[in-house]
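*Asks:* Take a look at the letters that make up each chain.
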Amino acid sequence: MKSGSKRHFAPVSRRAFVGALVGAAFFASAAEAQVPAGYPADYAKIIEDAKKEGSVKVYATTDAKAASPLIKDFEALYGIKVEYNDLNSTELYNRFIAESASSSGTADVTWSSAPDLQVKLVADGLAVAYASPEVDKLPKWAVFNNQAYGTTYEPMVIVYNKSQMPAGDTFTDHTSLAKLLTAKADVYKGKVTAYDPERSGVGFLMMNRDVVADPKVWDLFNAFGKAESKYYTSAGAMIEKVGSGEHLIAYNIFASYAALQTKKNPNLGVIYPSDFTLVATRVAFIPTKANHPNAGKLFLDYLLSKRGQTIVAKAELFSIRDDVEGAATAKAVNEKIGATARPIPVSNELLGTLEQSKRLEFLNKWQASQKK
Amino acid sequence: MPIGIMRRLVLAIMGLMILAPIGIMVYQSFLDAPFFDANAKFSLWAYRFVLAEPDFWKALTTTALLAVGMTAIAVPLGALLAFLITRTDMPGRSWVEPLLLVPIFLSPLVLAFGYVVSMGPVGFITVWWKSAFGSEFWNIYSFSALILIAGLTHAPHVYLYASSALRALPGDLEEAARMTGATPRRVASDVSIPMIRPALAFSGVLIFFLGFEVFGLPLILGDPQGLLVLSTYLYKLTNKLGVPSYQLMAVVVMVILLIALPLVLLQRILLRTAQRYVSVRGKAVRTNLVRLGQWRWPAFGLIAIWFIGTVLIPMMGLILRSFVSSWGLGINLFDVLTLDNYVELFDDTEVVHAIINTVLIATVGGALSVGCYVLIALAQHRWRSGWTRISDYLVMLPRAMPGVVAGLAIFWIFLFVTPLTPLRTTLFAVWIAYTLVWLAYGLRLVQSSLLQVAPELEEAARVVGAKEGRAMRDITLPLIKNGMVAAWMLIVLIFVREYSTAVYLLGPGTEVIGSLVVSRWGGGAVDLVTALSCVNVVLITVGLLVAIRSGVKLHG
Amino acid sequence: MAELVVEHLKIRLGGIEILKDVSLELNRGEITALLGPSGSGKTTLLRSVAGLEQPYDGRILVGGKPVFDGAKSLNVPTEARGLGFVFQSYALWPNRTVEANVAYALKLRGVAASEQATRVAKTLDSLGLGKLGHRYPHELSGGQQQRVAIARSLVYQPTVVLLDEPLSNLDAKLREEARAFLKELIMRENLAALMVTHDQAEALAVANKILLLNGGYVEQAGTPEEMYGAPKTLFTAEFMGSNNRLNGTIKTVSGQRAALDVAGTAFDGMARCGDKPGGAEGSGVIRLEAVHLVEGAGANRMQFELVTSMFLGSHWEHVFRGHGLNVRAHHRGALQPGQHWLEFPAEQLWIF
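Here the protein sequences line up with chains A, B and C, keeping their order.
For the first sequence, the positions run 1 to 372 when the numbering used here is used.
For the second sequence, the positions run 1001 to 1556 when the numbering used here is used.
For the third sequence, the positions run 2001 to 2352 when the numbering used here is used.
Think of the hints as simulated: they come from the structure by calculation, not from any bench.
Here the structure is a predicted model, which means the values were calculated and not measured.
Warning: the hint list may mix true and false statements.
Stated by the list, open to error - With a cut-off of at most 25 Å between alpha-carbon atoms, the simulated BS3-like pairs for lysine-lysine come out as follows:
#  : chain 1 : residue 1 : chain 2 : residue 2
1  : B       : K1481     : A       : K189
2  : C       : K2183     : B       : K1481
3  : B       : K1481     : A       : K226
4  : C       : K2010     : C       : K2232
5  : A       : K81       : A       : K289
6  : B       : K1130     : A       : K358
7  : A       : K45       : A       : K306
8  : A       : K120      : A       : K336
9  : A       : K162      : A       : K226
10 : C       : K2107     : C       : K2072
11 : A       : K358      : B       : K1481
12 : B       : K1041     : A       : K365
13 : A       : K226      : B       : K1058
14 : B       : K1058     : B       : K1240
15 : A       : K162      : A       : K336
16 : A       : K140      : A       : K120
17 : A       : K216      : A       : K189
18 : C       : K2209     : B       : K1467
19 : B       : K1058     : A       : K371
20 : A       : K216      : B       : K1240
21 : B       : K1467     : C       : K2072
22 : A       : K365      : B       : K1130
23 : C       : K2232     : B       : K1467
24 : A       : K162      : A       : K264
25 : A       : K371      : B       : K1041
26 : A       : K120      : B       : K1041
27 : B       : K1041     : A       : K162
28 : C       : K2065     : C       : K2209
29 : A       : K120      : B       : K1481
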């Protein structure tokens, strides 16, 4: 569950970018630390209290390195220190529920790429209700009870090795990939990889959502089985092996990660499936046991704000806001895949995927699909 | 404070530190919800669930096979390496030693990845072999390859214990065997190796335990086949249920403990006969090397093969990967050569922090840990008592928990035991966790030094008027100085790699290389991980060489 | 009162009864040798006196003060007993110089540094180690190491010194010199010395008194002359000195005398067999030097064949065989091979 739920960040763009930001933030900190435009007037109270709290503790699955421009900008903006804890989603969950049960309090914001676990924590009553002033700028599916907020817009793509694919073999969507693998199962034997839904939480969630988006996707899973596909728990291993030619196709990879890798290895190609493309989002909320709830609110609002989302986009984490420009934004993605986007909603719906009986049912069906 | 009270106090603290995380796990295994959940009720559900799981039994069998297999490979191999390097005139033995220890401090995850790059289906060795001889005869993703690699890479642990035991043997035993006509091989198998049986028994049990704990190797090498060992099974279990289920983890730990306890017992029995083998009295005996004669170069060849297979091949893969942006079929390596991975590495403040923290926790922390181990060893030293016996049983237990679970248990203790709470996010907590899980390992290093101190040296101090504690301080401690330095060096190596037990205690300001490697690997930053690992290997190997050249001995 | 008193000491180690009931008294200016076969408990007794082993019953008094009393659960720790102890291996601390080894006891007693130096120098001088103070133990010869060990145990002027086989690690020539040196030193310093040895010759030479231990009990105690010349038991007789043993049947016992039948020949000897009835199995024991070579048959005489001869410098030891017996005898001169008559004088033949 740990793997693939973290994002990596290109160093060169980051360095240049941080420089620009530090400059911008320098005069900003004095002038702009006031109530952001469009926020209610009483927001000044939150800012004031947050400053008294002095720091904000964030539990996140996003690499500290990728998040560092965000952190630096936030610190420059409000003069509030960010204690950023870079964890995997299981670690985050374990740490969070234990701390919530203890007397010592927990993080002020959690920000995880496992939306199902985040929704469960909210449903268990561990998140405060807080209507962010930014709520109107977010798609409806990304807001859960004014408690949890989707913060990114990350398509799930298919990565393949352009130079090693047999000549003439192409696919554009789930159906054509299924056809290709079924027809040439021998050629693709052991050449396809995906997250293992049995061992990886991300893998399970994504395949489960695939089925919700289009039940015909079972044909593809059957084709995976026929081609004796290899299942991993880590995106790094999958892409590394597609890049080296050990495998040819990696299924359901976060676009942000794929984009980064294609830059390093020009042999890698990326396909946004044209029938439907899942879109994942990193979910943030403020815990009830937050020690610094006001700083938490400030950070959450910042993360959702245009300023924060612009940095999210620059960090290639894919901004969820329509009003942010750039390649890694909802706007750019929607221009590419338009109506075929299938965002994974931050909602009670996800609780269903955590139900043991439903999980086992799905996994049994999955196992059956893998029988040769 | 009277020495008897001191002894009891030290051992009681140690016992508490060991039993607290295990106690939590025992308690948790009988609940139906997390123990900190107000609604948690007593239940045997977790036992019923786990024991009815076919995957659990599959993972258990695989793990047991892996543990047995790697022990069966590592123990004889480690003993042989130790014999050749410490007791014979084999060429090149002095510079081989620091390199031999690479698998101890290199993250197994990285080591395994090195194998993938060199000997995986499209690894550069495989590709070369294919072009020269046709299809390759190996498959590094097979279970037998996993056992072999695990065995090979754990041999250095055995080597450490075996070699220090061998160095303590008087050379005349081997000379006597040569006189009666034994070949070097017979000397090793009939005289030297049997004499160090206690050390081998100990390291055998330790390796077996490590076998239950291995995570990195099966994660990388077993991933493509979906190979399940207990530590990866825990992930699968979590995933099946959607959320982590501690009672189920706890049951798995209970099963491992049930397997571990009789082993510890067995080890005690084996060690009890150790007295028979203590042939060293007081000062070290000058040892004469066994002359290998015509076997010199074959022996060298044997070590070379092990070295190539265990260190060189994965290291070559790793080094290669760290200097390219991509690799594999259809890629001309000269086109993709780059230093970017290293530039990126030192551009990353987290990496720099991690390196500083690791150096700090390994050197300073390692020294403090050895200090604790010495304290415990002295508390047990020459004390025939139930306390000593029980504490001997206990020390192995923390190692019997898979690292992630131990990490969780230790985190709970720091969270729910109020006096410890302020320490939770400091390097100190990380240090305690490390010290605890490597207790058996480090304590044994210290104990074997203490075993070599002849009792009459301490008694002489008592007779002339020193109290027990004073005699330990004035006589015993100075005599094991070399042993403590050696133990410290080895603990440094172990701590450089360790992280899993402290995984929940790490945070901003306490990141270490071990955790960074795993977390960056999880994030897919293969370039950075390989570059970092190469830097790691260079730093430590150079450090070791400098230390050894400047007179520090790896063996007390 | 005696400087060291041990009363009814009993000790068990690892579940095995080592000392079952041992008592002894030791005065200043006296050397008592603890003698006995291995496993007889002599080292255990010594270590119990030092407090290095804990008995479960009995009493030990040093200078009139009890340091162990089983009945009162009194057990004064080793360091507070103030005894000197010389270890078999010398147990010199290898990481300390000779001076530091010797000075340690003074340092523990809080003696001022300057006085430490004088007393250490004096002690080293008196043992002939004056110039070796700065050396490390491994730079010394065996004899020198032994002296350092003694110096270390005497520097704080204990009245009782315990010596655990102090001479066994020396080669034969040094050992004989060391015996004399040790005896003279102990007399000069007026110490009470308890010395463990397994070598009866050493015990005879050095000690004023010998305590022979056997199976956890005192087999016999007495002066060296008594132990050698008037053994009360077969065990003592055999343990002390070099002996011939003649196995046979007791014929008669009358008062001081007894008669033993050995391979059909009757021997008269000193009765040591209590009230064994006639016909019981008996053994005659006689020292090698008491056996005489004689011409022709007579009372207490038997004929043997010479098997081999060993020249021992001052005399010869001849080995004879016959009548199912091996007999050794000391004699001034060499002998021709063949049959010889040996006499076993009745006054020196003990019959057990």
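*Asks:* Are the hints correct? Go through all of them and say.
*Replies:* Right, here's what the structure says about each hint:
1. A C-alpha spacing of about 60 Å is found between K1481 (chain B) and K189 (chain A), which places the hinted pair above 25 Å, so the restraint is violated.
2. Note on K2183 (chain C) and K1481 (chain B): the hinted pairing is violated, with a Cα-Cα distance of about 39 Å set against a maximum of 25 Å.
3. Restraint check for K1481 (chain B) and K226 (chain A): not satisfied, since their Cα atoms lie roughly 63 Å apart, outside the 25 Å limit.
4. Pair hint K2010 (chain C) plus K2232 (chain C) holds up; C-alpha atoms about 24 Å apart against a cutoff of 25 Å.
5. Between K81 (chain A) and K289 (chain A) the alpha-carbon distance is near 19 Å, which keeps this suggested pair within the 25 Å criterion.
6. A C-alpha spacing of about 47 Å is found between K1130 (chain B) and K358 (chain A), which places the hinted pair above 25 Å, so the restraint is violated.
7. Between K45 (chain A) and K306 (chain A) the alpha-carbon distance is near 21 Å, which keeps this suggested pair within the 25 Å criterion.
8. A distance of roughly 32 Å separates the Cα atoms of K120 (chain A) and K336 (chain A); the hinted pair therefore is violated under the 25 Å criterion.
9. Of the supplied pair hints, the one linking K162 (chain A) and K226 (chain A) holds, its CA atoms being roughly 22 Å apart against a limit of 25 Å.
10. At most 25 Å may separate the alpha-carbon atoms for a hinted pair to count; K2107 (chain C) and K2072 (chain C) exceed this at roughly 32 Å.
11. Our distance criterion of 25 Å between C-alpha atoms is broken by K358 (chain A) and K1481 (chain B), whose separation comes to about 61 Å.
12. Distance restraint check for K1041 (chain B) and K365 (chain A): the Cα-Cα separation of roughly 33 Å exceeds the 25 Å cut-off, and the hinted pair is therefore not satisfied.
13. Taking the CA atoms of K226 (chain A) and K1058 (chain B), the gap is about 24 Å. The hint holds against a cut of 25 Å.
14. Restraint check for K1058 (chain B) and K1240 (chain B): the C-alpha separation of about 16 Å stays at or below 25 Å, so the hint holds.
15. Our distance criterion of 25 Å between C-alpha atoms is met by K162 (chain A) and K336 (chain A), whose separation comes to about 21 Å.
16. A hinted pair counts as satisfied when its Cα atoms are at most 25 Å apart, and K140 (chain A) with K120 (chain A) qualifies at roughly 19 Å.
17. Simply put, K216 (chain A) and K189 (chain A) have alpha-carbon atoms about 22 Å apart, close enough for the 25 Å limit, and the pair holds.
18. For the suggested pair K2209 (chain C) and K1467 (chain B), the alpha carbons sit about 33 Å apart, so the restraint of at most 25 Å is broken.
19. With a C-alpha separation of about 18 Å, the suggested pair K1058 (chain B) and K371 (chain A) falls inside the 25 Å cut-off, and the hint holds.
20. Simply put, K216 (chain A) and K1240 (chain B) have alpha-carbon atoms about 23 Å apart, close enough for the 25 Å limit, and the pair holds.
21. This hinted pair checks out: K1467 (chain B) and K2072 (chain C) have alpha carbons roughly 22 Å apart, not beyond 25 Å.
22. Among the hinted pairs, K365 (chain A) with K1130 (chain B) is inconsistent with the structure: their alpha-carbon atoms are about 39 Å apart, more than 25 Å.
23. This hinted pair does not check out: K2232 (chain C) and K1467 (chain B) have alpha carbons roughly 44 Å apart, beyond 25 Å.
24. For the proposed pair K162 (chain A) and K264 (chain A), the alpha carbon gap of about 14 Å is at most 25 Å, so the pair holds.
25. At most 25 Å may separate the alpha-carbon atoms for a hinted pair to count; K371 (chain A) and K1041 (chain B) exceed this at roughly 40 Å.
26. A C-alpha spacing of about 21 Å is found between K120 (chain A) and K1041 (chain B), which places the hinted pair at or below 25 Å, so the restraint holds.
27. Proposed proximity of K1041 (chain B) and K162 (chain A) is contradicted: the alpha carbons are some 56 Å apart, above 25 Å.
28. Our distance criterion of 25 Å between C-alpha atoms is met by K2065 (chain C) and K2209 (chain C), whose separation comes to about 23 Å.
29. Only pairs whose Cα atoms come within 25 Å are accepted, and K120 (chain A) paired with K1481 (chain B) is rejected, the gap being roughly 55 Å.
Violated hints, listed in ascending order, are 1, 2, 3, 6, 8, 10, 11, 12, 18, 22, 23, 25, 27 and 29; each of the other numbered hints is respected by the structure.
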